[in-house]
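Trainee: Using the sequences plus the hints, can you model the full thing?
According to the working numbering, the sequence shown is numbered sequentially starting from 290.
One or more hints might be untrue.
Here are the computed lysine to aspartate or glutamate pairs in the EDC-like style, where the Cα-Cα straight-line distance is at most 20 Å [said to hold, decoys possible]: (1) K375 <-> E339; (2) K319 <-> D442; (3) K490 <-> D442; (4) K319 <-> D520; (5) K490 <-> E450.
Derived from the structure by calculation, the hints contain no laboratory data.
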Amino acid sequence: MASLRLATLAMMVLFGSCRAGATVFTLVNKCSYTVWPGTLSGSGSSVLGEGGFTLAPGQSVPLTASSRWSGRFWGRTDCSFDASGKGSCITGDCGNVLNCAQAGGTPPVSLAEFTLGDKDFYDVSLVDGYNVPLSIAAVGGTGDCRTAGCVSDLRTSCPAELSVTSNGQVIACKSACAAFSTPEYCCTGDHGSPQTCSPSKYSQVFKSACPTAYSYAYDDATSTFTCSNADYTITFCPSS
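Mentor: This is the structure we're talking about:
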């Protein structure tokens, strides 16, 4: 489902792709625990942050992207890596390595997605589920430039049938598509268009808690944001 989101954003950027200069993404960890951000760049875009790194509580790391960069960021939790960068994460793992290279995060995972151009398109997506509170805030720039995100801790309101647990604790919340694999939840087959794929009772739980985040594949109207000539702050646990 994340690939569908990036494809949609890539189409949107055709409306404006003449931006000059670079964009700085600043990743900030306001969680009380360490987060291991993963980065995945779209085709033709440079890898940022070597694909993944460690972000301690209170730490921030700037990453500079070219003017037409596209890709996504996510947070991994409860990770353990050896000196060579091999290991694993309980949520958001990207192939048992610290530097994700061209591997995306294993769902359920909260995503920050971007396609840069003369007009930037960005969103926070829960289409692949939820694991960490996450927000995107534009810094400077012109246009709509609103903050996107999921500030709420969805682990506390996750339906039991979507919950992922470890040691008796809910650590992530699956999407209904991942949990049930049916066309009506995955927006596939006969439900593969905005007209035939409607919000489910599960996506409405996500939307109620996080109104500015994608709750299902065709949640574009209230979940995709635009800004021009901005830098961006991506914050893990923004309410902490």
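Trainee: Look at each hint and say if it fits the structure.
Mentor: Hints, one by one, checked against the model:
Pair hint K375 plus E339 holds up; C-alpha atoms about 14 Å apart against a cutoff of 20 Å. A distance of roughly 13 Å separates the Cα atoms of K319 and D442; the hinted pair therefore holds under the 20 Å criterion. Restraint check for K490 and D442: the C-alpha separation of about 18 Å stays at or below 20 Å, so the hint holds. In summary, the hint linking K319 to D520 is supported, as the alpha carbons are separated by about 19 Å, within the 20 Å threshold.
Proposed proximity of K490 and E450 is supported: the alpha carbons are some 12 Å apart, at most 20 Å.
The structure is consistent with each of the numbered hints, conforming to all of them.
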